[in-house]
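A.B. asks: Below, each chain spelled out in residue letters.
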Amino acid sequence: MSKKIDSKPLIELENVSLTLSGQSIVKDISLSIMPNEIVSLIGLNGAGKSTILKLILGIHKPTDGKVTRHTKRIGYVPQKFEFDRTIPLSVHELLKIYSQASDPKIEAKLKELSIHHLRARNIGALSGGEMQRVLIVNALLMEPELILLDEPTSGLDVLGEKDFYCSIEEIQKKYKLTVVIVSHDIHLVFKHAKTIFCVDHCLVCHGHPEQVKKSDAFKKLFGPHLVPFKHHENEPHS
Amino acid sequence: MSLILDALQFGFFQRALMVGFLLAIIYALLGNFVVLREEAIIGHTMANIVFMGIALGLLLSWDSFWIMILAALAGVLFIDYLQRSSRFSRDSILALTSQISIAAGIIILSQVEGYQNVEGFLFGNILAVSSSDLWMSLALFLINIVGLFLFRKQLTQLVINKELAISAGTNVERVNFIFMLLLALTVAAGIKIIGVILLAAFLVIPANIAKNIASSFKQMVLLSVIVSVIGVFAGLFLSYYFDTPSGAMIVLVLGVMLIVTNVFKRR
Chain V
0 MSKKIDSKPL
10 IELENVSLTL
20 SGQSIVKDIS
30 LSIMPNEIVS
40 LIGLNGAGKS
50 TILKLILGIH
60 KPTDGKVTRH
70 TKRIGYVPQK
80 FEFDRTIPLS
90 VHELLKIYSQ
100 ASDPKIEAKL
110 KELSIHHLRA
120 RNIGALSGGE
130 MQRVLIVNAL
140 LMEPELILLD
150 EPTSGLDVLG
160 EKDFYCSIEE
170 IQKKYKLTVV
180 IVSHDIHLVF
190 KHAKTIFCVD
200 HCLVCHGHPE
210 QVKKSDAFKK
220 LFGPHLVPFK
230 HHENEPHS
Chain D
0 MSLILDALQF
10 GFFQRALMVG
20 FLLAIIYALL
30 GNFVVLREEA
40 IIGHTMANIV
50 FMGIALGLLL
60 SWDSFWIMIL
70 AALAGVLFID
80 YLQRSSRFSR
90 DSILALTSQI
100 SIAAGIIILS
110 QVEGYQNVEG
120 FLFGNILAVS
130 SSDLWMSLAL
140 FLINIVGLFL
150 FRKQLTQLVI
160 NKELAISAGT
170 NVERVNFIFM
180 LLLALTVAAG
190 IKIIGVILLA
200 AFLVIPANIA
210 KNIASSFKQM
220 VLLSVIVSVI
230 GVFAGLFLSY
240 YFDTPSGAMI
250 VLVLGVMLIV
260 TNVFKRR
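These protein sequence lines map, in sequence, to chains V and D. At position 201 of the first sequence (counting the first as 1) the number is 200 in numbering that gives the first Met the number 0, and the numbers step up by one without a gap. At position 266 of the second sequence (counting the first as 1) the number is 265 in numbering that gives the first Met the number 0, and the numbers step up by one without a gap.
16 Å max Cα-Cα, derived EDC-like pairs, lysine to aspartate or glutamate: (1) V/K60 with D/E172; (2) D/K161 with V/D83; (3) V/K79 with D/E162; (4) V/K60 with D/E162; (5) D/K161 with V/E81; (6) V/K26 with V/D63.
Honestly, the hints are just simulated from the structure, not real lab data.
Isolated chain D (complex conformation):
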């Protein structure tokens, strides 16, 4: 208890908890659809596209936030283009886009004088969030809550069966595009704060934990959010106590929960 009170004295820790809370909810909600679409790789794909954007921003000395958003949007359009025009499967498109983006990002970064730090991109630093990061997380939270609430039925229809969704009158291409847009925006904005690894973990692990134990879809969505928030809070306090990297500790806590729920999963 004294550990918790001790940690809560610090402004940076309070901000980390608040940002973690907001992002944990957003990514867990999006993660349900990511997992059910069987597109666990998508977090990495979007993150690598954004990484390429960051590298380009550094090379051209442009504002990194807007170039990250632009890169994410360009990535969504590229994936959409390949989806419509090529014979590649969806998972191949996501994987090859991811690989090309990271390769391009590394080459671009190698041309930026004196810049070799990709660690921040990989792990982020949730303990170093500023007030503006907090506001941005709040804006992101609201955009996602509204977007997911408005399209919840269509998105769910799409992840269960595309043909039935079409027969129910859903414009699947539009809904798919909106989902990708929300995801891209959320990844682009969140990457600086929590990094690729935590972001990808947030998208995949809570939804899978919830899938293990939920007996209805509503329960799965709710549990994914609860699990994700528990992961952030427990991970942050444990990282404070053991003096370890916070992002990695959050992923580890989520990993332990995944293993435990897999043992006691719903039959």
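Next up, chain V with everything else stripped away, as it sits in the complex:
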């Protein structure tokens, strides 16, 4: 029964293309993002992964094709949060401005992600990892059905990356969210995501991690990076 309810996609991209300054960034992408799962967009640098997130969010309008959003509650954690570091703005103020949530709600969410001690800190004084967590709190405060994370672990070390993916998995389960992660860390993505979209300006393959891992298109694109996964190849599909 619940599967029937869940079978309607949250986001649909139909033959979406985007050209910026005469350069084709993504071409003829069609994909659906289903509810309540961790989805990952993988690909090499400049393959158009972040652009797809921005198309989903509406930051970019497609040159061709159609983006349909069946939810308005979308949280977003950008890859680079560019801002004037001299601005006198505390973490609490930042969260209040974007999420418009009440003070107790902000306090509770900061505690939940173990960053309550940062509430009065100026945002210009935060480290990359701290800012990442603040932005996740911000996204969660919007009570989203869908969270878009653009290269969320780019500023973290190996342990930080592992912790991050574990917390994202916990959050996803707790709030029954759909999480879309853009990443080129295929190790962790294959471990945590349920659906993978492999992008090289167009969609080259997609499906369950095990399916994607076996596809020729994926092997062609990521050839050398596949080595660490070889020991998984003979394991039965989950």
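Keeping the supplied structure of chain V fixed, place chain D upon it in accordance with the hints.
C.D. replies: Only chain D this time, still in chain V's reference frame:
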């Protein structure tokens, strides 16, 4: 003290204080967003567009107030058009619009017989404000207070990070347009009273002073207003005492405050 009482006897001085008070608040509030958008040049750009409008009004013998407003609106649309259709960066668009406008204004003015006075446009004359200027400043004050209050969250979202603003559901293009419209209207209406130099200073200096010492965004907004009002009052009284141009003295007072707060800025 006797100096203050002495100056306050004069109706023109009282009007200057009242108009200065209202405009100082408006420009300081707008200035916070101007400074955080890193668009300090925008005051000059809008002022130069209005200057072109004034010149055109003189050439065609049209009513200068309405042509100033029309010129400011046309300027906003032009900047918006370039922003959407060109590959130029935002600061280039503002700079080139400013340069083209002043060049066009000077050429138009050269065709107006017997008119060579651009000094009034540059410095204004806050001591010569009339009652109608006072009413206009009050109307401007109310429009800005309402506009900025209604869009305060969206404007702040936009100056911090545009992409997060979009993800929060803010129509950034609309908010941007509304801000530019408010700014254009305020510059166009204020230019005759306080001139380009004081106007640009009001937009940039108080917000930067506040940024130096504030520890939160709310504080920055509040301090910018306080600093701006202090600048007007101190500048007007000092200009009365030393018998110097009032606009220039206000800018100088704000400049001194900027230097002092930069020494003792928040770490």
